[in-house]
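Under my numbering, the first residue of the sequence shown is numbered 2, with each subsequent residue one higher.
No wet-lab data here; the hints were simulated from the structure. Nothing here was measured: the structure is a model prediction, and the numbers come from that model. There could be a bad hint or two in this list.
What the hints assert, rightly or not - Using 25 Å as the maximum straight-line C-alpha spacing, the simulated DMTMM-like pairs for lysine to aspartate or glutamate come out as follows: (1) Lys498 to Glu43; (2) Lys405 to Asp394; (3) Lys355 to Glu316; (4) Lys355 to Glu344; (5) Lys355 to Asp317; (6) Lys355 to Glu233; (7) Lys405 to Asp431; (8) Lys498 to Glu449; (9) Lys154 to Glu86; (10) Lys355 to Asp315; (11) Lys154 to Asp51; (12) Lys498 to Glu86; (13) Lys405 to Asp238; (14) Lys154 to Asp195; (15) Lys405 to Glu233; (16) Lys498 to Asp486; (17) Lys405 to Glu318; (18) Lys498 to Asp51; (19) Lys405 to Asp243; (20) Lys405 to Glu363; (21) Lys355 to Asp342.
As the list claims (entries may be wrong) - Derived Cβ-Cβ restraints for the label pairs, each shown as a range: (22) Thr341 to Gly113: 34 to 42 Å; (23) Ser102 to Asn505: 16 to 24 Å; (24) Val146 to Thr46: 39 to 47 Å; (25) Ser155 to Ala422: 30 to 38 Å; (26) Ser198 to Gly362: 22 to 30 Å; (27) Asn505 to Thr383: 43 to 51 Å; (28) Thr341 to Ser102: 52 to 60 Å; (29) Pro354 to Asp315: 14 to 22 Å; (30) Pro354 to Asn505: 43 to 51 Å; (31) Thr375 to Asn442: 30 to 38 Å; (32) Ala297 to Ala106: 45 to 53 Å.
C-beta: ideal position from N, C-alpha, C; glycine also.
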Amino acid sequence: MKSTKLYIALLAFSFIAFGCDEEDKLIDERLENNPDIPDVTETGTPGVLDFSTYVSIGASITGGTMDAALYTHSQNNSFAAMLGERFQVDGVGGGEFNLPSIESANGYSSVGTDGTIYGKYVLDLDLNNDGALGDAGLVLTEGEVPTAYTGDKSTLNNFGVPGIQTAQILTPLTGGPATGNPAYNPLYARFASDPGSSTILGDAIARQPTFFTLWAGGNDVLGYAASGGTNEAILTDPADVDSYINTIVDNLMAATTANGVIVNVPNVLALPHFQAVPYNAIPMTDQATVDATNAAYAQYNAGVQAALANHIIDEDEAELRTISFALGANAIVIEDPTLTDVETMSGGAIPIPKYRQLQDGELVLLAASTILGTLADPNDPTSVIGVGVPLADEYSLRTDELAKIGTNLTAINTTIAAVAATQNRIVLFDAYSLLLGIAVNGGYSSAETGGFVLAPDFTPNGIFSNDGIHPNPRGHAIMTNSILDVLEAEFQVDIPKLNVMDFNASPFQQ
Numbered sequence: 002m003k004s005t006k007l008y009i010a011l012l013a014f015s016f017i018a019f020g021c022d023e024e025d026k027l028i029d030e031r032l033e034n035n036p037d038i039p040d041v042t043e044t045g046t047p048g049v050l051d052f053s054t055y056v057s058i059g060a061s062i063t064g065g066t067m068d069a070a071l072y073t074h075s076q077n078n079s080f081a082a083m084l085g086e087r088f089q090v091d092g093v094g095g096g097e098f099n100l101p102s103i104e105s106a107n108g109y110s111s112v113g114t115d116g117t118i119y120g121k122y123v124l125d126l127d128l129n130n131d132g133a134l135g136d137a138g139l140v141l142t143e144g145e146v147p148t149a150y151t152g153d154k155s156t157l158n159n160f161g162v163p164g165i166q167t168a169q170i171l172t173p174l175t176g177g178p179a180t181g182n183p184a185y186n187p188l189y190a191r192f193a194s195d196p197g198s199s200t201i202l203g204d205a206i207a208r209q210p211t212f213f214t215l216w217a218g219g220n221d222v223l224g225y226a227a228s229g230g231t232n233e234a235i236l237t238d239p240a241d242v243d244s245y246i247n248t249i250v251d252n253l254m255a256a257t258t259a260n261g262v263i264v265n266v267p268n269v270l271a272l273p274h275f276q277a278v279p280y281n282a283i284p285m286t287d288q289a290t291v292d293a294t295n296a297a298y299a300q301y302n303a304g305v306q307a308a309l310a311n312h313i314i315d316e317d318e319a320e321l322r323t324i325s326f327a328l329g330a331n332a333i334v335i336e337d338p339t340l341t342d343v344e345t346m347s348g349g350a351i352p353i354p355k356y357r358q359l360q361d362g363e364l365v366l367l368a369a370s371t372i373l374g375t376l377a378d379p380n381d382p383t384s385v386i387g388v389g390v391p392l393a394d395e396y397s398l399r400t401d402e403l404a405k406i407g408t409n410l411t412a413i414n415t416t417i418a419a420v421a422a423t424q425n426r427i428v429l430f431d432a433y434s435l436l437l438g439i440a441v442n443g444g445y446s447s448a449e450t451g452g453f454v455l456a457p458d459f460t461p462n463g464i465f466s467n468d469g470i471h472p473n474p475r476g477h478a479i480m481t482n483s484i485l486d487v488l489e490a491e492f493q494v495d496i497p498k499l500n501v502m503d504f505n506a507s508p509f510q511q
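All chains should be built: construct the whole structure from the sequences, respecting the hints.
See below:
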């Protein structure tokens, strides 16, 4: 069986060379058409709001995670930091916006098996250094372990903590102790006012904000999705999320006079992390490979038919489990733990594993792109992952798992909408509709992009960072402008928008 290449290389990167050239051309044209633009002092008005002390409360996007890491440039280009800067425009009245700087160019994402500390992902357009763009892929940079924040904690404004679920905004356990404590998050502990005693919400309220943004609930769904549905424990019960969000809001309303924006949860399944690799990412271009692969599964398929004949499985499951390959794009082979245990049910007479191919509509995680098409056993050419060896369960999302995610997401967003509808000092920013609309329409285009379409992905023309989950600076600028639109409509705010093209996309090299 021949080793296969991923369609992701063709789909995601086939237009990179064209796209980068077009973007460079657009920037050059802007400079040529506006050679001597004088510096103009921007001015605005706050409407009925008081922006003198703005605090942001949330998780990874609020904190500025990009490219799977929290690093200095990403922190400085979160929507929260951008809003903080916009609120300081002359006439708006906003105060300083201080964040717990990570002081790291690449940040921290993971630790390798050899102990290497890794930072952000960078998109390498030429992994083989041969001048071709067909071998593009994501590479990790060297990173640094986060250290304690040494600035003045009492003046912080950004309380976005990467990785937290909603409950962690409320518990002091988020700040410590570090051992034997599943709620512990070192990215909060590093700037907590009193690690192990203080809470994220308490620290934010202590600033006595006059305005806030609250973006919670995402990781109560996203963590489960990012685990390929294998970690049920982190799929929070929507009733619990409802309680947590209402507790947060009730405390903000009781302890401050602030107005605020509450943000709903995007459709996590529409994020490029779950869309970049198609379900049928196994290409076969010659009949000999097709025939050899089908022959290898002949015994398995015979076992499926035997299970059907013995009434161990029904016709629907038999059809689902039958594995077949043809010329062109083929569905990935997976191991599905929900399938009938035929071996046990047959008393060992039909010893077939729980294999099947992914169905159209089921999703593959971005992490699968690093192993699909590679050999599980370097000495066995038939051990191609996704073909001869099934893709492990944590790399895909089945129909039943997608249903759980969708149900919980809807319930959480219903809670958030109800908060905005019942609290007269809070308005809703509909991030769900914004980001889904960009995905459905194939990108983002506006007056400042000059007709150039920014893609809903992590290519150099995209609005997402290289992890396929978090927006890049350009994506954050789009969200910032959209929040300003909400404030204008609801609170008569008049604040100049950002030029999205003034912000960079995701880091890449070639």
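Hint-by-hint comparison with the structure:
About 10 Å separates the Cα atoms of Lys498 and Glu43, which keeps this hinted pair within 25 Å; it holds. A C-alpha spacing of about 16 Å is found between Lys405 and Asp394, which places the hinted pair at or below 25 Å, so the restraint holds. Distance hint between Lys355 and Glu316 is fulfilled; the C-alpha atoms sit about 16 Å from each other, no more than 25 Å. Taking the CA atoms of Lys355 and Glu344, the gap is near 9 Å; set against the 25 Å cutoff, the hint holds.
Of the pairs offered as hints, the one joining Lys355 and Asp317 holds, with about 15 Å between alpha carbons and a cut-off of 25 Å not exceeded. Proximity of Lys355 to Glu233 is assessed by CA-CA distance (about 20 Å); at most 25 Å being required, the pair is judged to hold. Among the hinted pairs, Lys405 with Asp431 is consistent with the structure: their alpha-carbon atoms are about 22 Å apart, no more than 25 Å. Between Lys498 and Glu449 the CA atoms are separated by roughly 10 Å; this keeps the pair inside 25 Å, and the hint holds.
This hinted pair checks out: Lys154 and Glu86 have alpha carbons roughly 19 Å apart, not beyond 25 Å. Annotation: proposed proximity of Lys355 to Asp315 holds, straight-line Cα distance about 15 Å (limit 25 Å). For the hint pairing Lys154 with Asp51, the CA-to-CA distance comes to about 22 Å; that is within 25 Å, so the pair holds. For a cut-off of 25 Å, the pair hint linking Lys498 to Glu86 stands: about 11 Å separates their Cα positions.
Pair hint Lys405 plus Asp238 holds up; C-alpha atoms about 11 Å apart against a cutoff of 25 Å. A C-alpha spacing of about 10 Å is found between Lys154 and Asp195, which places the hinted pair at or below 25 Å, so the restraint holds. Among the hinted pairs, Lys405 with Glu233 is consistent with the structure: their alpha-carbon atoms are about 10 Å apart, no more than 25 Å. Note on Lys498 and Asp486: the hinted pairing holds, with a Cα-Cα distance of about 9 Å set against a maximum of 25 Å.
Between Lys405 and Glu318 the alpha-carbon distance is near 21 Å, which keeps this suggested pair within the 25 Å criterion. Of the pairs offered as hints, the one joining Lys498 and Asp51 holds, with about 18 Å between alpha carbons and a cut-off of 25 Å not exceeded. Pair hint Lys405 plus Asp243 holds up; C-alpha atoms about 17 Å apart against a cutoff of 25 Å. Between Lys405 and Glu363, the direct Cα distance comes to roughly 13 Å. Compliance with the 25 Å bound is thereby established for this hinted pair.
Taking the CA atoms of Lys355 and Asp342, the gap is about 7 Å. The hint holds against a cut of 25 Å. A hinted range of 34 to 42 Å for the beta carbons of Thr341 and Gly113 is consistent with their spacing of about 39 Å. Checked against the hint of 16 to 24 Å, the C-beta distance between Ser102 and Asn505 comes to roughly 19 Å, which is consistent with it. For the hinted restraint 39 to 47 Å between Val146 and Thr46, the CB-CB distance of approximately 44 Å keeps it satisfied.
Between Ser155 and Ala422, the C-beta spacing of about 34 Å keeps the proposed range 30 to 38 Å intact. Between Ser198 and Gly362 the C-beta distance comes to about 47 Å, which lies outside the given range of 22 to 30 Å. The hinted range of 43 to 51 Å is satisfied by Asn505 and Thr383, whose Cβ atoms lie roughly 44 Å apart. At about 54 Å, the beta-carbon gap between Thr341 and Ser102 stays in the expected band of 52 to 60 Å.
Separation of Pro354 from Asp315 is about 19 Å and conforms to the stated range, judged on CB atoms against 14 to 22 Å. Taken as a hint, the range 43 to 51 Å holds for the pair Pro354 and Asn505, whose Cβ atoms sit roughly 47 Å apart. One distance hint, 30 to 38 Å for the beta-carbon pair Thr375 and Asn442, holds here, with the actual separation near 35 Å. Evaluation of the 45 to 53 Å hint for Ala297 and Ala106 yields a pass: the beta carbon distance comes to about 48 Å.
Checked against the numbered hints above, the structure violates only hint 26.
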